[in-house]
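Chemist: Single-letter residue listing:
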Amino acid sequence: MSRLYGTDLSRREFLALSAITTGGLVLAACGASSTPSASATIGPMESNLSLYNWDGYLSPDTLKQFQAKYPSLKVDTATFASNEDMLAKIEAGAKGYDIVVPTGYMVEIMIQKNLLRSLDFRQLPNFSHVDATFRNPGYDPNSAHSVPKDWGTTGFGYRTDKLPAMTTWKEFFNNASQFKGKVSVLDGATEVVGMALKSHGFSYNSDKDSELAQARDTLLKFKPFVGKIASSGYKEDLTTGNTWMAMGWNGDFEAIQGQTPAPPVKYIVPSEGAELWVDCWAILASAPHPVAAHAFVNFLLDPKIQAQEIQLTYYAQAESDALADIPAAIKNDPIIYPPAATLQPLETRKATPAGQKARDKIFAEFKAA
Amino acid sequence: MIRRPLKLVTAGAGGVLLAPAALWYAAFFVVPLGFILVFSFLTSADYGGIEYKFNLGNYPQLLSAPIYLRIFLNTMGMAFSGTVLCLLVGFPLAYFLATRAGRWKNLFLILLIVPFWTSFLTRTYAWLILLSDNGPLAHVLRQTGLLQGDLGFLYTYKAVLMGVVYNYLPLMIFPLYVSLERLDKRLLEAAKDLGAGRLQAFWRITVPLTMPGILTGCLLVFIPLTGEYVIPAILGGAKSYMIGNLIGDEFVSAHDWAFGSALGMAVIVLLMFLIAVYFRVARRGAAAGMSL
Chain E
3 MSRLYGTDLS RREFLALSAI TTGGLVLAAC GASSTPSASA TIGPMESNLS
53 LYNWDGYLSP DTLKQFQAKY PSLKVDTATF ASNEDMLAKI EAGAKGYDIV
103 VPTGYMVEIM IQKNLLRSLD FRQLPNFSHV DATFRNPGYD PNSAHSVPKD
153 WGTTGFGYRT DKLPAMTTWK EFFNNASQFK GKVSVLDGAT EVVGMALKSH
203 GFSYNSDKDS ELAQARDTLL KFKPFVGKIA SSGYKEDLTT GNTWMAMGWN
253 GDFEAIQGQT PAPPVKYIVP SEGAELWVDC WAILASAPHP VAAHAFVNFL
303 LDPKIQAQEI QLTYYAQAES DALADIPAAI KNDPIIYPPA ATLQPLETRK
353 ATPAGQKARD KIFAEFKAA
Chain B
69 MIRRPLKLVT AGAGGVLLAP AALWYAAFFV VPLGFILVFS FLTSADYGGI
119 EYKFNLGNYP QLLSAPIYLR IFLNTMGMAF SGTVLCLLVG FPLAYFLATR
169 AGRWKNLFLI LLIVPFWTSF LTRTYAWLIL LSDNGPLAHV LRQTGLLQGD
219 LGFLYTYKAV LMGVVYNYLP LMIFPLYVSL ERLDKRLLEA AKDLGAGRLQ
269 AFWRITVPLT MPGILTGCLL VFIPLTGEYV IPAILGGAKS YMIGNLIGDE
319 FVSAHDWAFG SALGMAVIVL LMFLIAVYFR VARRGAAAGM SL
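Note that the protein sequences, when read in sequence, are chains E and B.
Position in the first sequence counted from 1, then plus 2, gives you my numbering.
Position in the second sequence counted from 1, then plus 68, gives you my numbering.
Any given hint might turn out to be false.
[Claimed, not checked] Quick list of in silico lysine-lysine cross-link-like pairs, DSS-like style, CA-CA up to 25 Å:
{"hint": "1", "chain 1": "E", "residue 1": "K182", "chain 2": "E", "residue 2": "K115"}
{"hint": "2", "chain 1": "B", "residue 1": "K253", "chain 2": "E", "residue 2": "K223"}
{"hint": "3", "chain 1": "E", "residue 1": "K164", "chain 2": "E", "residue 2": "K225"}
{"hint": "4", "chain 1": "B", "residue 1": "K226", "chain 2": "E", "residue 2": "K225"}
{"hint": "5", "chain 1": "E", "residue 1": "K363", "chain 2": "B", "residue 2": "K121"}
{"hint": "6", "chain 1": "B", "residue 1": "K121", "chain 2": "E", "residue 2": "K182"}
{"hint": "7", "chain 1": "B", "residue 1": "K253", "chain 2": "E", "residue 2": "K172"}
{"hint": "8", "chain 1": "B", "residue 1": "K307", "chain 2": "E", "residue 2": "K225"}
{"hint": "9", "chain 1": "E", "residue 1": "K164", "chain 2": "B", "residue 2": "K260"}
{"hint": "10", "chain 1": "E", "residue 1": "K359", "chain 2": "B", "residue 2": "K307"}
{"hint": "11", "chain 1": "B", "residue 1": "K121", "chain 2": "E", "residue 2": "K115"}
Think of the hints as simulated: they come from the structure by calculation, not from any bench.
Take the sequences, apply the hints, and build the full model.
Modeler: Shown next as structure tokens:
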């Protein structure tokens with residue numbers, strides 16, 4: 003049942019215009035209740051909590067259980083379409099949100115911009131369940147501002163009934179000429195330019211002009227055969243056959259394969275390597291309800307809740323303690339928990355302003371070509 | 069002595085009538101436009117936002133790479149083709165409504181408006197399903213043997229033009245209909261009496277006299293088309309990247325607010341120039357038509 007459920011929702015599934023339609027977060031009245039708190043130094047629990055999350059990225063069951071635990075708390079949710087979209091809105095002064103879900107590289111940017119609040123670990127006892135590998139990530143030293151929500155890979159999938167077996171980004175970019183219009187890529191400068199860099203064996207985060215120039219050439223040669231540039235809808239397009247090959251996130255491909263009948267779609271993490279990303283829970287510096295926000299983050303770090311979340315998102319969790327409660331079909335699935343050999347060449351995204359500018363320019367050219 | 073207070077009274081009443089619209093436009097048009105103008109001369113902060121540092125570099129950046137020029141040309145080309153197609157499809161229909169529809173006229177007019185009862189987005193997404201390679205249209209065509217293989221229509225420039233005509237057609241038809249409706253039919257009879265053929269009467273009487281409707285319809289379609297963002301994004305796939313999409317990306321994905329503002333100003337200036345030319349040509353054309 004949860005598998006079927008998962009096919010309808012996705013981490014990054016959204017209408018292109020959701021940024022506009024969900025723009026108005028109704029600011030709930032912030033009358034703090036007088037519920038006494040456990041510790042004297044921690045403020046009293048507030049009466050509201052406001053989440054700003056990707057669409058379909060939190061199990062309704064989890065939310066229900068959280069509300070059952072804190073019945074006096076009123077929780078509202080708004081959704082965003084991309085990290086950039088979220089940042090733009092927070093920076094433009096959107097007030098009232100407590101919790102956001104940035105990807106690792108965006109955590110780093112938001113820390114630089116003083117948009118995130120330092121976490122109070124006295125209020126996060128469940129942080130002890132987080133695996134050591136996720137505790138001191140490059141994007142957030144000592145996890146001072148974020149805790150891992152889940153993680154996954156960015157690779158590509160293709161229709162096995164239409165195309166021969168593939169294992170590399172080189173094939174992704176070179177074979178496209180044989181099936182013009184049937185290829186889609188994510189609508190993200192970093193992903194698209196990064197994978198072109200990878201196809202040449204360069205680092206995903208390369209800032210070298212000569213390497214970026216080669217990636218640009220590859221992309222401009224590849225462009226005539228691209229049917230669609232979008233971060234949503236590729237699941238449907240692969241399922242219906244509008245698209246035969248698509249760059250995307252592993253959980254989405256897991257969801258495709260969970261459909262009945264399962265379409266003949268195979269997901270691979272190319273052998274040159276790809277992006278490994280970690281999405282995080284973080285509390286905004288401007289959060290009006292920090293105590294409730296900590297309570298929420300702590301609740302989500304409960305291994306039992308983590309095991310529940312994975313059955314919605316199909317993205318791997320950062321807690322070994324949760325594995326006991328995760329169905330075998332999920333924890334033994336190499337798409338969700340790839341073997342060490344697959345993980346080894348993966349890179350996380352590192353943000354540098356100059357590198358980002360170069361990528362944005364190449365990507366604009368790619369789109370207009 | 070008596071006139072003065074009267075004048076004052078009417079002036080006051082005029083002010084009251086204008087005030088709501090004037091305030092609205094000041095707050096939601098002039099002020100934001102002012103921001104865009106100012107931003108276009110400032111510096112973008114890393115990852116979004118604006119640094120208050122004077123910068124003349126945003127406009128030259130427009131000319132620094134041929135892609136920006138190409139996006140402008142693509143957009144103008146799309147807006148122009150869309151407008152011409154709307155006119156070609158809309159004129160006969162408006163003509164029919166104004167002259168042949170008889171007592172069904174009101175029904176037809178209502179039918180034209182009915183699609184607007186559904187959200188523009190929903191209707192455009194519906195085309196995604198209809199035009200899909202395995203959608204209903206492809207299915208019917210395959211059943212009748214008219215199609216082998218894939219339809220290949222979705223995510224092409226053709227699909228964008230189709231979406232444009234579908235969505236903008238009423239904007240063209242209504243002004244045309246109003247002009248055609250007002251056309252004095254006796255002039256056509258007179259032309260006939262004086263020996264003009266049907267075609268000649270159409271070109272020398274109907275077209276010049278309905279020119280105001282044609283001009284209005286074309287403007288109503290062309291101007292919003294230059295900023296069209298949704299149809300290319302949904303139906304065009306990777307094949308049509310318009311100036312509206314570029315501006316959106318500069319603000320949201322690329323975080324270059326200053327350059328995005330400069331792009332916005334460039335579109336406004338270009339449109340003002342095109343409209344000025346348009347009216348000049350149209351007036352000359354009208355004058356020439358009168359002198360015939």
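Chemist: Decide, hint by hint, whether the structure agrees.
Modeler: Status of each hint after checking the structure:
For the suggested pair E:K182 and E:K115, the alpha carbons sit about 43 Å apart, so the restraint of at most 25 Å is broken. For the given pair, B:K253 sits about 59 Å from E:K223 by alpha-carbon distance, which is inconsistent with the 25 Å threshold. With a CA separation close to 20 Å, the supplied pair E:K164 and E:K225 stays within the 25 Å bound. Restraint check for B:K226 and E:K225: satisfied, since their Cα atoms lie roughly 18 Å apart, inside the 25 Å limit.
Taking the CA atoms of E:K363 and B:K121, the gap is about 22 Å. The hint holds against a cut of 25 Å. For the hint linking B:K121 to E:K182, the alpha-carbon distance of about 46 Å lies beyond 25 Å, and the restraint is violated. Taking the CA atoms of B:K253 and E:K172, the gap is about 69 Å. The hint is violated against a cut of 25 Å. Between B:K307 and E:K225, the direct Cα distance comes to roughly 9 Å. Compliance with the 25 Å bound is thereby established for this hinted pair.
At roughly 64 Å between alpha-carbon atoms, E:K164 and B:K260 are farther apart than 25 Å, so this suggested pair is violated. Between E:K359 and B:K307, the direct Cα distance comes to roughly 23 Å. Compliance with the 25 Å bound is thereby established for this hinted pair. At most 25 Å may separate the alpha-carbon atoms for a hinted pair to count; B:K121 and E:K115 meet this at roughly 18 Å.
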